[in-house]
Every structure is written in structure tokens, then in C-alpha cells.
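*Asks:* Each chain, written out:
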Amino acid sequence: MKRIFPILALLTGAFLSYALYLALEVAPTEQTMGDVQRIFYYHVPSAWTAFLLFFINLVASVLYLVRRIPSADRIANWVVIAIGGVTCIAAFMVKQLPQGVEPSSVATTGIGIAAIYFLIRRYFSGDGADALAVVSAEVGVVFCTVVLVTGPLWARPVWGIWWTWDMRLTSTLILWLIYVSYLFLRRFSSSSQTAVLAAALAIFGALDVPLVYFSIWFFRTQHPQPVIGGGGSIDPRMLHVLLINWLAFLCFAGLLCWSRYRLEIVRRQVEEAQALKSLESVR
Amino acid sequence: MSIVSITRATLVKDLRLEWRSKDAINSMLFFSLLVVVIFSFAFDPTAEESRRIAGGLIWVAFLFAAVVALNQTWARELRNQVMDAYRVSPAPANGLFLAKALGNFIFVSVLEALMTPLFVIFYTLRPLGPAYQLVIVAGLGTWALVVNGTFFAAMSLRTRSREIMLPLLLFPILIPALLGMVEATTAILTGEYSAKFWIALLVAYDVVFTIGSLMLFELVLHAE
Amino acid sequence: MNFLYAAYAATWVIHVVYLGTLVTRYMRLRRDVDELKRK
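Chains as they are written, first to last, in this note's numbering: chain A, -10 to 272; chain B, 2 to 225; chain C, 716 to 754.
Keep in mind the hints are simulated off the structure, nothing from the lab.
Fair warning: there could be bad hints in the mix.
To be verified - The list that follows gives simulated cross-link-like pairs (lysine-lysine, DSSO-like), each with its CA atoms no further than 30 Å apart:
| # | chain 1 | residue 1 | chain 2 | residue 2 |
| --- | --- | --- | --- | --- |
| 1 | C | 754 | A | 266 |
| 2 | C | 754 | A | 84 |
| 3 | A | -9 | A | 266 |
| 4 | C | 752 | A | 84 |
| 5 | A | -9 | C | 752 |
Just so it is clear, the structure is predicted and the values come from calculations on it, not from any experiment.
Use the sequences and the hints to build the structure in full.
*Replies:* Here you go:
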């Protein structure tokens, strides 16, 4: 495994450079915003990557908690299968989907959720799932920070303001806050069961997300604010560049997670060994 | 032993202890008074503007007072190793949690009842919207503060810098509820729009997190 | 226009800083492993 890593790193570097070239040179210039709009090709993929990583954290946290109790484990399996199945069926049965939402994307999301859950369950044991939770939270915060920095840098030249209570920016900010507090809990907790506490916090964070969404949505209807990032349809050439950039960043995030994961495993082994050593020296 | 009897027994015990010692109550009351005075010095608007920002001011003041109160929630239990006794007993953990949350709710409500007239006096507040809704908002908002606050206070027990850990964990998760409380209060005070959506949001928030806390508290109690 | 380059630069600064922390932590772990092996 270790020999593949440098090769993958080089490939990812090349891919990212290619994606950067596409974003800066090849993508068409936006009509109203001009070249500054190209920040979009870094801002949006980072946001999607961060959300994906936070979702992985949620799944890993739930798995960690649920694996300890066999009955809960079975129930969770069925719940996830149900989620996948229901979204698939509902995607094609529901007549009126919200604007811009395709049935295929809803179905893919449902299947994706189930797939991620079972893949993590298959390849990560109890403690491995906990390590994955830490890793995805940390790398997720890094990408989230990128979103929060590039967002205002995009907003300032285009709309004249640094910040606005825009849906994506605000929910990103709150997610960032929740996960930074998650990382603080991990670092400051001196309990032997930090993993359980952190998993509970991750679940609370996930419960919070829809509430955040609705509260901001209503706040914006009562206090109209500018929209950053624009909705509506997107030029297919821009979409192509966007997706390439997202793929490149996903590869990069994957490598980051892999390195951090190996680091975490070694760190835990070292901690255990040190604890054993200090116990032995007492005897 | 049922949840109800556990809850009631623990709650009565806590209230009786508080009433007898009065140390927490007195310091908290004075702290709340100080907060109102400081805010009044820091934000001194005319009567017109005051209605617009009073909602935010009041809830931020309540929030800080509540955090100080919540930090003491489990301190007494820790001192006398009561937590270990609870862990070993067959009593359902939910009972303990509910008792703590209800006790905190009562405590923080008392503080709010003290701070509100002071705010009204300093800011010359008069609600232009339906005033009865303020009580509903106060109740729902305080429960949101307290239910998550009690849960996170339990989580922070075995952390370094325990006192700062509680607000660190609580504030991000509380943001939608805070938005709801402030917007609802402002809506009622200014009378410009309806607070109904925000009240519905607060209800949803309270339901979600009460259930979440009750389900996960057992884990947290044993995770020390 | 400057904002565009600032945004791209900021992105990579953040990533490089994080990679730096990973490298530092890895080196510290290596030191700890060596220490454990010695004892």
C-alpha cells in the first residue's frame, strides 16, 4: 500500500493542476461577474467535499455507537436500506419535485447514502470507524475553512459586501462551528470514552442541520438578503470544469484522509504502548 | 422504579438543596442583574430602536446567565460521587436527565423572571404585538437552552477546562433556536410580522433535541 | 481580479498549512516510536 501513495500523490497533483488550468483558462468568462466568478470552481467543490466528509463522519459515528449493541446494529441496517429504498421510489413517484431537482439525483443520493454506510461498515471495524470519524471531521473542517475564506473573497468584488446571510455560507459557517467544537471535545476530553461522547455530538450536529436550514430560509424571506453563488441553470462548459475540479479535490481529500488515518492508527498504537510502558514501570 | 418517580424524587432533592443553601441562587440573581445593567450601558438606544434590538439583547443576556447556571448543574453531583451511584443503580438514566433539565429550567426561568422587568424598565419596552405569545416564546426558548445545556454539561464533565467546554459545545448547536427566540421576540415587540413560524421552529427544535437527549443520555452517563 | 488569485492562493495556503501539521505530527510520532524501541 505504501508504495502506491507517492504515485497517487503525483497523479492527484497533476489532476489538480489540470483542473486549475481548466478553471483559469478554458472555462468561459461569466457575463455579469467577469473573471472573479472563477472562484466558483474552487468554492463549490470545496463545499461539496466538506459536506461529504461531514456526512462520512456522521455515518462513522453512528456505526461506532451502533456496533456495540447487536440489536441496534440490525435495526440500523434496516433503517439505512429503508432510506435508500424510499428515496429511490419517492424520486420517481412524487409528482412535484422542488425546482431544479432531478429524480435521478434524488435516487442517486439515496443509494449513495446506503452505499457509504455499508462500505464503511464493511471495511472499518469498531475502533477504525472511530478513527475515520476523527479523520473526516478534521479534513472536513479544512475544506470548510476554504469555503468560508473563498466565499467572502468572491462576494466582496461582486456584491460589495464581505458577508451575507446566504443559505450556503451561513449553513457552512454553522457546520464549521459545530465541527470545530467536535474537534475541541476530542482534544480536551480526558474520559476513556471520548469516542462515544464525540459520536453523540456528531449526531446532535446532524439533527441540527435541517433546523438550521429552515431557520435561515425563513430569516431570509423576512429579511431579504443578496444571494451568493446564483441559482438557476449553468452553462454546460462551466459544469464540466466544475465537475472536473470537484473530482480533483475529491482525490486530494481522499489522499489527505488516508494519510491522516494512518497517522491516527499509529498514534493510537503509540499511546497504548506508552500507557503499557508506564504501567510496567510502576510494577 | 419508573421514570416519573425517579424524576420527581431527584428534582425535589435538587430544589430542596438549592433552597437550603441558596449560594447558587444569590450569586446567579446578582449576576443576572449585573448583565442587564451592563447591557443597558453598552446599548443605549431611543425608544423606537429599542424594540428592534431588545429581542436580541434579552436572549443573549439570558443565554449567558443560563450558561453560568448550567455549569454548576453537575458540580454538586461530582463532589459527592453521586454520579457513580446513579451509574450503578438500576434506575433509568432518563429520569436523572429529566430531573436535571427540569431543575435547570425552573432555575433559569426564575432568573429570566427577574431580568425581564429590569429590561422593560431600562428600555421602556411595550410589546406592540400579542403579548401572551411572549410567555410561549420564553418557555420554549428556555427549554431549548436548558435541554441541550444540561446534556452538554454532562458531556463536559470529564474534560479539561470544563467551564469553557459547555458554551463551546452548546452555542453552535443552539444557533437555529437562538435565531428563533430572537426573531419571535422581536416580531412580538415590534408587531411588524407574525412570530408563528418562529414558534413552530422552536417547538420542532425542542421536540427533536429532547428526544435526542433522552435517547443518548444513557450513553453519556456511562461514558465517564 | 486580485480577489480571484487571493482566493486560489488562500485555498492552497490552508491546505499546505494542514499538510504541515500532518508532517509535524508524523515526525513527533516517529520520535516517540524510537524512544519506545530504545527503552
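*Asks:* Each hint should be assessed against the structure and marked as holding or not.
*Replies:* Consistency of the hints with the structure:
Between residue 754 of chain C and residue 266 of chain A, the direct Cα distance comes to roughly 9 Å. Compliance with the 30 Å bound is thereby established for this hinted pair. For the hint pairing residue 754 of chain C with residue 84 of chain A, the CA-to-CA distance comes to about 70 Å; that exceeds 30 Å, so the pair is violated. Annotation: proposed proximity of residue -9 of chain A to residue 266 of chain A holds, straight-line Cα distance about 29 Å (limit 30 Å). Between residue 752 of chain C and residue 84 of chain A, the direct Cα distance comes to roughly 66 Å. Violation of the 30 Å bound is thereby established for this hinted pair.
Distance check on the hinted pair: residue -9 of chain A and residue 752 of chain C sit about 22 Å apart at the alpha-carbon level, within 30 Å; holds.
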